[in-house]
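Trainee: Chains as they are written, first to last, in numbering that gives the first Met the number 0: chain A, 0 to 345; chain B, 0 to 345.
Hints in this document: simulated from the structure, not taken from any laboratory.
Virtual Cβ for every residue (Gly too), placed ideally from N, Cα, C.
No false leads were mixed into what you were given.
Simulated pairs of lysine to any residue, SDA-like, Cα-Cα distance not exceeding 25 Å: (1) Lys-310/A - Ala-7/B; (2) Lys-41/A - Glu-249/B; (3) Lys-41/A - Pro-43/B; (4) Lys-41/B - Ala-46/A; (5) Lys-310/A - Asp-317/B; (6) Lys-41/B - Asp-261/B; (7) Lys-41/B - Ser-49/A; (8) Lys-41/A - Gln-50/B; (9) Lys-41/A - Arg-252/B; (10) Lys-310/B - Leu-81/A; (11) Lys-41/B - Pro-43/A; (12) Lys-41/B - Arg-252/A; (13) Lys-41/A - Gly-229/B; (14) Lys-41/A - Val-45/B; (15) Lys-41/A - Glu-40/B; (16) Lys-41/A - Ala-46/B.
Where chain A lies over chain B, by a calculated footprint (3+ residues, C-beta under 8 Å): (17) 8-16; (18) 47-60; (19) 102-113; (20) 315-326.
Far from chain B, by Cβ distances over 10 Å, these chain A residues were calculated: (21) Thr-154; (22) Leu-205; (23) Thr-210.
Here are the chains, one letter per residue:
2 protein chains.
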Amino acid sequence: MVRFIDVAHMRDWVSTVGVAEIIRGMAGYVEDDFRRWDQFEKAPRVASHSQVGVIELMPTCDGRNYAFKYVNGHPGNPSRGLQTVTAFGVLADVDSGYPVMWSEMTILTALRTATISAVAARVLARPESTTMALIGTGSQAEFQSIAFRELLGITSLRIWDTDPGALDKFERNAAGLGFDIYRANSASDAAHGADIITTCTADKALATVLTDDMVAPGVHVNAIGGDCPGKTELDAAILHRASIFIEFEEQTRIEGDIQQLDPAHPVTELHLVLNGEAPGRTSASEITVWDAVGFAIEDFSALRYVNDATKGTRFCTDVDLVADPSDPKDLFALVNAGANSLVGVR
Amino acid sequence: MVRFIDVAHMRDWVSTVGVAEIIRGMAGYVEDDFRRWDQFEKAPRVASHSQVGVIELMPTCDGRNYAFKYVNGHPGNPSRGLQTVTAFGVLADVDSGYPVMWSEMTILTALRTATISAVAARVLARPESTTMALIGTGSQAEFQSIAFRELLGITSLRIWDTDPGALDKFERNAAGLGFDIYRANSASDAAHGADIITTCTADKALATVLTDDMVAPGVHVNAIGGDCPGKTELDAAILHRASIFIEFEEQTRIEGDIQQLDPAHPVTELHLVLNGEAPGRTSASEITVWDAVGFAIEDFSALRYVNDATKGTRFCTDVDLVADPSDPKDLFALVNAGANSLVGVR
Numbered sequence: 000m001v002r003f004i005d006v007a008h009m010r011d012w013v014s015t016v017g018v019a020e021i022i023r024g025m026a027g028y029v030e031d032d033f034r035r036w037d038q039f040e041k042a043p044r045v046a047s048h049s050q051v052g053v054i055e056l057m058p059t060c061d062g063r064n065y066a067f068k069y070v071n072g073h074p075g076n077p078s079r080g081l082q083t084v085t086a087f088g089v090l091a092d093v094d095s096g097y098p099v100m101w102s103e104m105t106i107l108t109a110l111r112t113a114t115i116s117a118v119a120a121r122v123l124a125r126p127e128s129t130t131m132a133l134i135g136t137g138s139q140a141e142f143q144s145i146a147f148r149e150l151l152g153i154t155s156l157r158i159w160d161t162d163p164g165a166l167d168k169f170e171r172n173a174a175g176l177g178f179d180i181y182r183a184n185s186a187s188d189a190a191h192g193a194d195i196i197t198t199c200t201a202d203k204a205l206a207t208v209l210t211d212d213m214v215a216p217g218v219h220v221n222a223i224g225g226d227c228p229g230k231t232e233l234d235a236a237i238l239h240r241a242s243i244f245i246e247f248e249e250q251t252r253i254e255g256d257i258q259q260l261d262p263a264h265p266v267t268e269l270h271l272v273l274n275g276e277a278p279g280r281t282s283a284s285e286i287t288v289w290d291a292v293g294f295a296i297e298d299f300s301a302l303r304y305v306n307d308a309t310k311g312t313r314f315c316t317d318v319d320l321v322a323d324p325s326d327p328k329d330l331f332a333l334v335n336a337g338a339n340s341l342v343g344v345r
Numbered sequence: 000m001v002r003f004i005d006v007a008h009m010r011d012w013v014s015t016v017g018v019a020e021i022i023r024g025m026a027g028y029v030e031d032d033f034r035r036w037d038q039f040e041k042a043p044r045v046a047s048h049s050q051v052g053v054i055e056l057m058p059t060c061d062g063r064n065y066a067f068k069y070v071n072g073h074p075g076n077p078s079r080g081l082q083t084v085t086a087f088g089v090l091a092d093v094d095s096g097y098p099v100m101w102s103e104m105t106i107l108t109a110l111r112t113a114t115i116s117a118v119a120a121r122v123l124a125r126p127e128s129t130t131m132a133l134i135g136t137g138s139q140a141e142f143q144s145i146a147f148r149e150l151l152g153i154t155s156l157r158i159w160d161t162d163p164g165a166l167d168k169f170e171r172n173a174a175g176l177g178f179d180i181y182r183a184n185s186a187s188d189a190a191h192g193a194d195i196i197t198t199c200t201a202d203k204a205l206a207t208v209l210t211d212d213m214v215a216p217g218v219h220v221n222a223i224g225g226d227c228p229g230k231t232e233l234d235a236a237i238l239h240r241a242s243i244f245i246e247f248e249e250q251t252r253i254e255g256d257i258q259q260l261d262p263a264h265p266v267t268e269l270h271l272v273l274n275g276e277a278p279g280r281t282s283a284s285e286i287t288v289w290d291a292v293g294f295a296i297e298d299f300s301a302l303r304y305v306n307d308a309t310k311g312t313r314f315c316t317d318v319d320l321v322a323d324p325s326d327p328k329d330l331f332a333l334v335n336a337g338a339n340s341l342v343g344v345r
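This is chain A alone, in the form it adopts within the complex (with noise of 0.2 Å):
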């Protein structure tokens, strides 16, 4: 049998034990397996586009672990009343080839893109950051949030969305969290005086979310929407006055908010920093860009920090998913109704 964390398991998983609590154990994780960089297989998701969106696999694997995830990414989906972006993962064990954990991905996706980005900021943002811009406040905001005040002790935030129902949505759901919340009247006014600036849009496109002016010297600049060919958010301009991390160069080059960049302008691996073989922030004037796309390694540390936490609780189930004959030579035992009895059939 294989563990399975359905959506209801998932949401009865994060609504019990708290956002909070799951984004400080999960951070643990991704930093633990970004700091082991060198013994993970890395390559660029395999991308799937149509005109209306794309579909991904995320494989990776550390020798032990293989994990890999599903996720589309349908800009126009929430027009019809489905989600932007979805996901399911697998972890397996390497040394059997079966898959040990099958999870919704959806919510946990979103619990991990909020622990990368905070993740990050630890070591770029400027260590005495209190406010935190958003700009998108769609399905990631409150992740950020949350992540942001855990990790980095953000208290306000100045919000802007081109949606005034995402900003109503962000308020209300934000009006227990006990952060200090502005409500901006454009992105400019959003990201006057923040610390830290979040873009989290989801257009298709090569927009320009923010511009130059916007970004005051010593500013972090978490960009988290522009992760596809053709799907930017920054002004090319803030990239040039900007020290860049990002994931993994090879994906990162093509998806990234790079992509408008020459492909030799320089930029740094976050793993680097984390492991004290780069420098993260060198200045309180310096402005730093979190250029995520999201990848694979992100997601097997989610799957490894669920599969742990949840395991032997009532979080999860399990499923038939791997046929197993008592021969295992004999797999048409298994379907040869002449010779067996289907009674024991589940």
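Given the structure of chain A, go ahead and fit chain B onto it with the hints provided.
Mentor: Frame of chain A, contents of chain B only:
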């Protein structure tokens, strides 16, 4: 909700409908999909190799449906009571990016591998073929036998395996299937006089299961087991005497028995033969080789078939795999314990 076919439901479906009828139905889907080859996204599978085996993802897409399979290959597994090959897969909707059906594919892969072998043999073997040698009587053997009876009229089997237990198992399972079966005392003895020779062994090595002297003029070789870098079954001399047919050149050059040949050695992709764009067998004395490695489009066809065939029947269930907030931008509401009662969450 996503349709789900677990092992028990797959067993129930195959046992009830029958391997023969499923292979006939699936053959139509495979041929349809191979005939519209140009509509598919095609890439070699994404393989993660370890010392003991391989884990692979096999995605493909025709612009309307997307499918992928997870499959492992661990030759040492049977010695500890595990399957060499286990698999599962997902069919998804390109337009929304949402998964539609999740299925076990250990049993389904056995059915599709047998189906594509017989689809290929129907245009490559001599039409009057009645006798098949089966070298390797593991998990695939019964499925291959039934497929070749259904699609080609094979009635006599000459069987051989280095493991006597595997031969016993095959004879036991085939007892009710109506074949005339000869239990050979060597691979050479099995091959003697056969119209078709099927090799289906699992060793992850450059093995020579079939030597040149065993292959008489006019024989069709259905080479199933050589499907990995460093894993072959045929004496290269056989390949030099034969016309070679494959699934997808880019993948088979790396994984098939033709990895033993010069990369420029001529081979023919099967879809060309099925479409009438290339000849299949051209004379009664020609030796033909189907160098099968397993390609994503076959799994796509199998998933499409099982989805159509089981929809609305007792042979599938539903799983709660896609988070579905009433406001698609409000994922947080699903996990915000403060704002949401958990009553009703399963």
